[in-house]
Structures are given as C-alpha cells and as structure tokens.
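Number of protein chains: 2
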Amino acid sequence: MELYGYFRSSASYRLRIALALKGLEYESHYVSLPKGEHRSPDYLKLNPQGLLPTLVDDGVAYGQSLAILEYLDESYPEPPFLPDDPSGRAQVRALAQIVACEIHPLNNLRVLKYLQGTWKFSDADRDSWYRHWIADGFQKFEATLAASGEAGRFCFGDHPGLADICLVPQVFNARRFDCPLDDYPTTMAVYERCMSLEAFETTQPKYQPDAF
Amino acid sequence: MELYGYFRSSASYRLRIALALKGLEYESHYVSLPKGEHRSPDYLKLNPQGLLPTLVDDGVAYGQSLAILEYLDESYPEPPFLPDDPSGRAQVRALAQIVACEIHPLNNLRVLKYLQGTWKFSDADRDSWYRHWIADGFQKFEATLAASGEAGRFCFGDHPGLADICLVPQVFNARRFDCPLDDYPTTMAVYERCMSLEAFETTQPKYQPDAF
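So the sequences go chain by chain: L and A. For the first sequence, position 21 matches number 21 in UniProt numbering, and the numbering has no gaps at all. For the second sequence, position 48 matches number 48 in UniProt numbering, and the numbering has no gaps at all.
Possibly wrong hints are sitting among the right ones.
[What the hints assert, rightly or not] Distance condition first, Cα-Cα at most 27 Å in a straight line; then the derived BS3-like pairs of lysine-lysine:
| # | chain 1 | residue 1 | chain 2 | residue 2 |
| --- | --- | --- | --- | --- |
| 1 | L | LYS22 | L | LYS35 |
| 2 | A | LYS113 | L | LYS120 |
| 3 | L | LYS113 | A | LYS120 |
| 4 | A | LYS22 | A | LYS113 |
[Stated by the list, open to error] Partial list, derived from the structure: chain L residues whose beta carbon lies under 10 Å from chain A:
| # | residue |
| --- | --- |
| 5 | ASP42 |
| 6 | VAL60 |
| 7 | ALA67 |
| 8 | GLU70 |
| 9 | ALA96 |
| 10 | LEU106 |
| 11 | THR118 |
| 12 | HIS132 |
[Claimed, not checked] Residues of chain L clear of chain A, computed beta-carbon distances all greater than 10 Å:
| # | residue |
| --- | --- |
| 13 | ALA20 |
| 14 | HIS29 |
| 15 | SER32 |
| 16 | ARG93 |
| 17 | VAL111 |
| 18 | ARG193 |
| 19 | GLU198 |
| 20 | GLN208 |
Everything labelled a hint here was simulated from the structure, so no lab data went into it. Yeah, the Cβ is synthetic: ideal placement off N, Cα and C, and Gly gets one too.
Excised from the complex, chain L in its bound form (with noise of 0.2 Å):
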C-alpha cells in the first residue's frame, strides 16, 4: 500500500491515523502543496482531480478521503469504524460529514490561496474567515455530539471511528489558526482521548518527515 500525502494536509493525516488504526503497513510519498507538486502531470496521472491524498492498494489508485476511510474499512474490517447498525452509522458518518463537508472545504489551503489571490484577502481578514467557519462547524459538531446520547470516550461510544479520525486532524488546523476551542468542551474531551492513542498521537504533523 502507499500513501501520497503532505504532512500539514488534515485529509492526509485522517488517512495517517486510520491506516495506524487498521494496524496496515504502507510506503510514503511526499507531496508539496505549497510547491504545487500536486499539480504536476505525474500526479495528476495517478489522482485526475490532482488533490491530496491518494491511497494505492493493489494497484489502484483512489481519491477523497472519506472515500478511501470507506473502503479501508471494507477491505481491512478490524478494528471496525463505524458500528454494525445502520442508525449508528448513519451518525457517526453526519459527525464526519460536519468536518468534511462544513468545515475543511472553506478552510483548506486551495480557498485561502484563491481569497488572498483573487479577491485580495489580507493575512488578518484570512485568518477572520478560517475562524468564523472553525466556529460554524464546531457548534454544530459540539450540539451534534451533545444531543446524540451516543457520544462516550469517542464520538459514538467506547472506540474511535470515523468522526474521530476527521475531528482531529481539523482540531489541529485550528489551533494553528489560534482559534479559541473553549466553547466545545465534549469536543475537546474527545480529542485529547484521541491523542492519547498512539495511531493519533504518531501520525501527527509535526512527525512526518516531510514537515518543516
């Protein structure tokens, strides 16, 4: 298995934790969003949509990662990401829907570079859009958790899954926007359980090897 990822991209560390979860060996490969290797035509061969990560198992190459989450979780079942009932996988999956469709998508490095390009966003009013949406999304993940009954040492229950695999990564992203997390007090119970867990901890930005 191989993993084209970059080491500040929170879709590449999801995907980071979930292989170390899965326990699944891979080889790693490093590509520079700031440099525009992903842009590059040997990229694009391999992911058409030229975004990070890119999961290769068994000769296949597959995009998105709560695509690829998916199917790592159909092809290596244990430990499981999501439970056995439909009604609890159809939580679990809203909670990472919140981080993956709400949040990341108005966050990533894509839409700060075209607002700082194009519409000529300063340094402050970026950072003033990256909060306001951290804000948006992680009341509506806190309000989710807190109504859902479900939420234990994780998300859903006594294990990590799916939503905890997307709310790290995006909790990371925000404290380097020193965006203020207080008001989301399961929230952050959750991820710091989370961090205690070496598939989480390890994984981590700082410790990839491409990081700087």
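Fit chain A to the supplied structure of chain L, relying on the hints for placement.
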C-alpha cells in the same frame, strides 16, 4: 418517513431523488432557508446543525445528506446506490464527494450570504466566486470520470447511483448561475440520461410545492 427540505437546496434534492429511486413514500415538510426557518428552535431540536435536509425514519432524525444516502442504501437495499466491491464503491463515493466536499460547500446559500454580508461581495463578485468553484469542481469530476473507465450510461456502469444523485442537483445550481458547462461532455451526457428518468425529473426544484 418524513423529509424536511427546501426546493432549491441541492442536498434536499439529492434525497428526493434517492427516495424516488428506492420507491419510498414520505411526508414532506418545507423549511425556508431565505426565511431562516432552519434556525428556528423547533428545527434545531430536530437537527442541532441547523442545516437541511433532515430525514426522520422510525422516529430517529438524521442529518447530512451523504450520511442519509448511505443510511437509505443500507436500510432499503434495492436498487443499490453503490457497486458490490470495495474498489467500485470507493470510486463512486469519490465522485459523489467531488460534489459534496469540493463544490457544494463553497457555493451554498450560507457561504454566499457570508461573502455578501461580511465581505461586501457585489452580486457580480458572488457570481464570479460561484463560477470559479463550479469550473474547478466540474473539471475534476470530468477528469475523474474519464480516467475511471467505468462511466457507462451513468457515472459508474449502467445504473444510477450515489454519484449521479449528487451530480444532478449540482448541475441545476450551476445552470441557475449561468455557468458554462460545455467543457464537461461526459458529465453532461450522464446528467441528460439521469434527467430522462422519472426519479430525477419529477423531483426537480421547480415542481416542489414550496417553489416560487
């Protein structure tokens, strides 16, 4: 089953298509986004995220349309929205996520309102923003479809599934903002085939009782 949606919400349209494909009966509730009804205390009790759509099944309320689509497919398997094998499933989910994680989150009403309210984007600026992300996302969708070798009459093979369900509402929105779509012939051929099916045609925004 009950569906809370809004005629012009493309995530709501995804669910109308899905329920029609599965042949499931449901009661409709209309929640006006322009009137802010999605932020009313009653709606927030049902969906703490304050987003559309919400599906209620067996007394449980579900949010996030992609999670709901998977829930419907797991709970009501025929006809399936995903292929049988993990590799095919990953490809279909990745296409759906180009729409749900790369295009729609940047162009939905709450983002456009934030751009115009807080950042004083003019109507022309807003439309330029909108068209930028449509062009970016549809180029990714077209390139991925072309590279997959699996596109047939629909996004993957000869039956409509998760990717088609996400694609069609996004085309409707793109047309509403007069986005040129000539550069995406494979994508648009799939769109046209979808629209020849009753499940896609009869559920379109303009036929909804809350349309204006």
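If you test the structure against every hint from before, which numbers come out violated? 1, 4, 5, 16 and 17
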